[in-house]
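Participant: With chain A held as given, fit chain B onto it using these hints.
Residue numbers (the working numbering), protein chains in the order written: chain A, 1 to 178; chain B, 1 to 313.
Honestly, the hints are just simulated from the structure, not real lab data.
If you're wondering where the values come from, they're calculated on a predicted model, not measured in any experiment.
Watch out, some of these pointers could steer you wrong.
[What the hints assert, rightly or not] For lysine to aspartate or glutamate, the following EDC-like pairs were computed, each having C-alpha atoms within a straight-line distance of at most 16 angstroms: (1) B:38 x B:218; (2) A:177 x A:5; (3) B:38 x A:117; (4) B:38 x A:121; (5) B:95 x B:54; (6) B:253 x B:215; (7) A:177 x A:165; (8) A:87 x B:24; (9) B:256 x B:290; (10) A:87 x B:218; (11) B:39 x A:121; (12) B:30 x A:159; (13) B:256 x B:215; (14) B:184 x B:212; (15) B:39 x A:117; (16) A:87 x B:212.
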Amino acid sequence: MAKTETAILDKAGIARAITRIAHEILEQNKGGERLALVGIRTGGDHLATLLQARIQEIEGTEVPLGAVDITMYRDDLASRGNLPIGKTNIPFHLDGKQVILVDDVLYTGRTIRSAMDALMDFGRPSTIQLAVLIDRGHRELPIRADYVGRNVPTAREEDIAVIFDDELNPVEVRLVKP
Amino acid sequence: MSFQHKHVLGIEQMTKEDIQIILDTADSFKEINSREIKKVPTLRGKTIINAFFEASTRTRLSFEIAGKRLSADTVNISGSTSSVVKGETLEDTAKNIEAMAPDIIVIRHGHSGAPHYLSERVGCSVVNAGDGAHEHPSQALLDLMTMREHKGSIDGLEVAIVGDITHSRVARSDIYALTRMGAKVRLCGPGTMMPIGIELLGNVEVFTDIREAIEGADVVMMLRIQMERQSNILLPSLREYARFYGLNPTNLKLAKPDAIVMHPGPMNRGVEISSAVADGGQNVILDQVENGVATRMALLYLVSGVESMQTND
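Just chain A, same shape as in the assembly (with noise of 0.2 angstroms):
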């Protein structure tokens, strides 16, 4: 049977929800002094590139910038086989910031714990806080984000695909139905 995709986010829609949370992010922590932004590939680097150019036009401040490979962290491993790794590369001391995790979808919370598993290797962050573009519930671990773009209750067999251009920059939002 053909999959059915529905769009559920346009352009302007992502864009107005990441300058949301860009100003979210920025009342929460009082400014930008010790913030680091670090997006989980793929597809949270992308969208952490584009939260840190929003908080630049509205702070006028850099806030440094990573990105992080979860495989290495993955629980399933053993039976996924040698899925590929990808880069991580936080070129910055992780020690006393206020991190963002950035992510375009959370659904089980699994990749998450991956993540901050990685973080606490790289350092001791004094706070981790989460960013999602989507949140389409379903968790199985006690993880919630501190920011979102948009919740869509979904089916598990239902999926979500945040489309990127050749730029990568998200372009739409949509919900496929199998």
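Facilitator: Structure of chain B alone, referenced to chain A:
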């Protein structure tokens, strides 16, 4: 496209894509070695036995560190302290090791083909860490990783390998790996140390004059004279060898100005390589050692992944 080899016995069995995957994976793992906490949980719960039946410091240490940084439990046995000295056969030793349920055996052995023999008799993965004068796959892969870092790509490189080609497992693995990735290999050494017909391995040219072999090369790789693998009949004297086949600042000038100098170690300073070159600005010998850990992490990760996919099928 993914890596499908349960064992790493040699480069001969690998495709260009396999080599590409290993190098890309090693690139990603390399970053861990510069962290403050140099450990990731990727191979937690896996047991790796490093069975070294032949002398080695660099390779054994490198495999051991690679395993430990991936959180595997690594255990070492060496030939001189194992039951081999009491007369146990390789097969019996292997069966006994296997009874303790390791996931990977890394083996270095003086006889060509020992890892292959072992892989047919044990259930776990076998990684060749050098077998006789046959292959040393992890060394060739770290060589390629280092070349790629310095030159951007392997394709089209002119690589001169100078020394005792006959007894060198490093040369053999490097020839397979380099020609498969599109490089051109120039081999150079005394006629007594050059296997007949080696040029049939592919894009390989044979020289007896080091100056011709080095001229215009992008990479100059020097090999050690393996005294333990030969009688004295192949060489009149080490001094003569150094004069005709040693790399020194004068003949290095014949290579491209940005050429890099490599050596798999251990070096015999003053024989195949002069100290001025070994410590000179063009040498990347310690980069090779550094990349060795990342390369071996990649190999251990990839073979253990294949193993787990098979058990789940």
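Participant: Run every hint past the structure and note whether it holds.
Facilitator: These are the hints, each one checked on the structure:
1. B:38 x B:218: Given pair residue 38 (chain B), residue 218 (chain B) is violated - Cα atoms ~33 angstroms apart, limit 16 angstroms.
2. A:177 x A:5: 6 angstroms, holds
3. B:38 x A:117: Holds. Residue 38 (chain B) to residue 117 (chain A) sits at ~13 angstroms (cutoff 16 angstroms).
4. B:38 x A:121: 8 angstroms, holds
5. B:95 x B:54: 19 angstroms, violated
6. B:253 x B:215: 8 angstroms, holds
7. A:177 x A:165: Given pair residue 177 (chain A), residue 165 (chain A) is violated - Cα atoms ~22 angstroms apart, limit 16 angstroms.
8. A:87 x B:24: Between residue 87 (chain A) and residue 24 (chain B) the Cα gap is close to 9 angstroms, so the pair holds against 16 angstroms.
9. B:256 x B:290: 24 angstroms, violated
10. A:87 x B:218: 28 angstroms, violated
11. B:39 x A:121: 8 angstroms, holds
12. B:30 x A:159: 34 angstroms, violated
13. B:256 x B:215: It holds: about 7 angstroms lies between the C-alpha atoms, which stays within 16 angstroms.
14. B:184 x B:212: Holds. Residue 184 (chain B) to residue 212 (chain B) sits at ~14 angstroms (cutoff 16 angstroms).
15. B:39 x A:117: Holds - the C-alpha atoms of residue 117 (chain A) and residue 39 (chain B) are around 11 angstroms apart, at most 16 angstroms.
16. A:87 x B:212: 41 angstroms, violated
When held up to the earlier numbered hints, the structure conflicts with 1, 5, 7, 9, 10, 12 and 16 and fits the remainder.
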